[in-house]
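> Sequence order for the protein chains is G and C.
According to the working numbering, the stretch in the first sequence is residues 1 to 301, in order.
According to the working numbering, the stretch in the second sequence is residues 1001 to 1313, in order.
Since the hints were made in silico from the structure, they are not lab data.
It is possible that part of the hints are untrue.
Below are the SDA-like pairs computed for lysine to any residue, each with C-alpha atoms no more than 25 Å apart in a straight line [said to hold, decoys possible]: (1) G:Lys-33 with C:Glu-1189; (2) G:Lys-33 with C:Ala-1286; (3) G:Lys-33 with C:Val-1292; (4) C:Lys-1302 with C:Ala-1193; (5) G:Lys-172 with G:Ile-78; (6) G:Lys-33 with C:Arg-1106; (7) C:Lys-1004 with C:Asp-1024; (8) C:Lys-1179 with C:Ala-1286; (9) G:Lys-33 with G:Leu-280; (10) G:Lys-33 with C:Pro-1295; (11) G:Lys-33 with G:Leu-166; (12) G:Lys-33 with C:Gly-1107; (13) C:Lys-1302 with G:Leu-95.
Predicted model only: the values in this text are computed from it and were never measured.
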Amino acid sequence: MDIFLQQVVNGLIIGSIYALVALGYTMVYGVMKLINFAHGDLVALSAYIGLMFYTQLIGLGVLPQPLVVVSVFVLTAIVAAAVALLVERVAYRPLRNAPRLSAVVSALGASMMIQNGIMLIWGPNITIFPSDILPAVSWTIYGITITFVQAAMIIITLVLMISLTLFINYTKMGTAIRASAINQDVAKLMGINVNMIIMIIFIVGAVLGSVGGLFIGMYYRGISFNLGWVYGLNAFIAAILGGIGNIPGSMVGGYMLGLFTALIAGYVSSSWAEAFTFILLILILIVRPTGILGERVAEKV
Amino acid sequence: MKNKSFIGYAVLFAFLALFPITNDPRWLTVVTTFCIYSVVALSLDIVLGRAGMFDMGHALFFGMGAYITAIMNVHFGLNILTALPLVIIIPALFAIVLSTPIVHLRGDYLLVATIGMNIVFEQALKNDLLGLTGGPNGIFGLDATVFGFYLDDGITIYYIAFFLLLLTLLLIRNLEKSKVGRALHYVQEDPIAAESLGISTRFYRVFSFALGAALAGLAGFVFSIQYAAVSPEAFNFMTSVIFFAIVLVGGKASIPGILAGTFIMFVLPEIFREFATARYFVFGLAMVVSMVLRPEGMLPAKYGKLPKYVTED
Chain G
1 MDIFLQQVVN GLIIGSIYAL VALGYTMVYG VMKLINFAHG DLVALSAYIG LMFYTQLIGL
61 GVLPQPLVVV SVFVLTAIVA AAVALLVERV AYRPLRNAPR LSAVVSALGA SMMIQNGIML
121 IWGPNITIFP SDILPAVSWT IYGITITFVQ AAMIIITLVL MISLTLFINY TKMGTAIRAS
181 AINQDVAKLM GINVNMIIMI IFIVGAVLGS VGGLFIGMYY RGISFNLGWV YGLNAFIAAI
241 LGGIGNIPGS MVGGYMLGLF TALIAGYVSS SWAEAFTFIL LILILIVRPT GILGERVAEK
301 V
Chain C
1001 MKNKSFIGYA VLFAFLALFP ITNDPRWLTV VTTFCIYSVV ALSLDIVLGR AGMFDMGHAL
1061 FFGMGAYITA IMNVHFGLNI LTALPLVIII PALFAIVLST PIVHLRGDYL LVATIGMNIV
1121 FEQALKNDLL GLTGGPNGIF GLDATVFGFY LDDGITIYYI AFFLLLLTLL LIRNLEKSKV
1181 GRALHYVQED PIAAESLGIS TRFYRVFSFA LGAALAGLAG FVFSIQYAAV SPEAFNFMTS
1241 VIFFAIVLVG GKASIPGILA GTFIMFVLPE IFREFATARY FVFGLAMVVS MVLRPEGMLP
1301 AKYGKLPKYV TED
């Protein structure tokens, strides 16, 4: 029973990361109907950039530790948002009216550029995060151990998700985003600046993804240039499981996939974990192609 | 127009047929690989370009052909030729079984499902499935002796690959002119209209997967003979992405486009070897730039003159 509960906690941690990253995929897909393959690599880039800021700020030695951590999160989010906007402007905007597959190839190209850019700058080996970024406190409740990092991850993710839900549902900008997701042309006629909406969803997605990237670094400690594809694909699956384009769906999908992978790794085999994930995905696609919370879309054939 | 493309093909075939005269082993290997990869790209094009199914896991069938050859030859000690029928039939059967439940999915979902199949395949290879696939190192030491001839000799394997490319081009030319080719084109352009005329979209979509898989399996057969070894890295998701990019960068359903795409993605990097570490960075850049400049591909296929409202989505 203890192992089970421990795996559930692990699942919630991985699920938080998946959910944060999945939101970036789902929002872009919702408005642009484009799989933003570069998003996963942006997450990886955030982890590297964050580590760079952290070493620089600690080296300065001016700020106290908690303030350093907060500034690392803020600075990384700003850089990630800037890169996301650049990718959108260069690789996606010129293809907005092109055939769908051309945009997919452009997205894959952008993804490969970021991934290999990371490799060329920081090298192909695993980079290690320092272990003393957050205090090494841990609590034991009913036989389950929760570290400070884990608790922080779960709480910050929940706070971000609640804020995002409030932002999407109760602000004017959120309404504009939902309108653009339903029909861009009509949204334009209603005076919504769709270009700006697209830039905003890229910014929001990048900010959430950068938090996810920093969590990966702080929790797993070792980061490598290709982690974007690993987490990106899983997060993307999470988005599909929940119903892509659907924001609460991504959150549910992220936690579900996290629990599923943790239980598979705990009880079956970790070397087959990815295969099980994809088999689950294919089964869900066969049974319910629009995901668990996705709306039923009338299929053409 | 027809004459121009005829001369183009004649020049290309003459060049390829006479290429071994240069007697340069390194370039012979490169051009052999070019022929094999062209066949894989053309087989993916049947699914992606002609049937319009977003298949981003085609390396699965390519790898299946290569691994069947290696397993038959190394583990069961059979002659390499005995694998020949199997590398066509087994990938085709797998394609039918795997694609039947998913061909009705909307484009992006199909894309992810095929990525998934490729990754499941890769993990099965790496985890040494049934003790046959040899784990992360793959299988070494294929013995390609047939009636006293060594098929893995540089020039022999080159001509086998070249012959396979010719065969593939002939097959695709016939496909284009046949009922099946027209049906595939129709199914891609407008599935509802095709259904209403009695063309089974499901049948032709599955058919395109089976045909593409069989050709890719055959290419895998030649590939495994060329290197006398197979390993999971050669058939991972990344390989599928590159083939996917070749078809779209070159131009869907366009044979010259796909040959040019394969040339750019596989032969040009050989010329600029000093940038080997930045290779995928340059690939990525090339993919973005070529799509932004030519969203329809470098050499898009031409289908006669249709009014614009017909061809637009």
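> None of the hints should be skipped; say for each whether it holds.
Results of checking the hints against the structure:
With a C-alpha separation of about 20 Å, the suggested pair Lys-33 of chain G and Glu-1189 of chain C falls inside the 25 Å cut-off, and the hint holds. A hinted pair counts as satisfied when its Cα atoms are at most 25 Å apart, and Lys-33 of chain G with Ala-1286 of chain C qualifies at roughly 23 Å. Simply put, Lys-33 of chain G and Val-1292 of chain C have alpha-carbon atoms about 18 Å apart, close enough for the 25 Å limit, and the pair holds. This hinted pair checks out: Lys-1302 of chain C and Ala-1193 of chain C have alpha carbons roughly 21 Å apart, not beyond 25 Å.
Proximity of Lys-172 of chain G to Ile-78 of chain G is assessed by CA-CA distance (about 23 Å); at most 25 Å being required, the pair is judged to hold. The straight-line distance between the Cα atoms of Lys-33 of chain G and Arg-1106 of chain C is roughly 12 Å, inside the 25 Å bound, and the hint therefore holds. For the hint linking Lys-1004 of chain C to Asp-1024 of chain C, the alpha-carbon distance of about 31 Å lies beyond 25 Å, and the restraint is violated. Simply put, Lys-1179 of chain C and Ala-1286 of chain C have alpha-carbon atoms about 36 Å apart, too far for the 25 Å limit, and the pair is violated.
Straight-line distance between C-alpha atoms of Lys-33 of chain G and Leu-280 of chain G comes to about 23 Å, which keeps the hinted pair within the 25 Å bound. As the CA atoms of Lys-33 of chain G and Pro-1295 of chain C are separated by approximately 17 Å, the hinted pair is consistent with the 25 Å bound. This hinted pair checks out: Lys-33 of chain G and Leu-166 of chain G have alpha carbons roughly 23 Å apart, not beyond 25 Å. With a CA separation close to 11 Å, the supplied pair Lys-33 of chain G and Gly-1107 of chain C stays within the 25 Å bound.
Taking the CA atoms of Lys-1302 of chain C and Leu-95 of chain G, the gap is about 21 Å. The hint holds against a cut of 25 Å.
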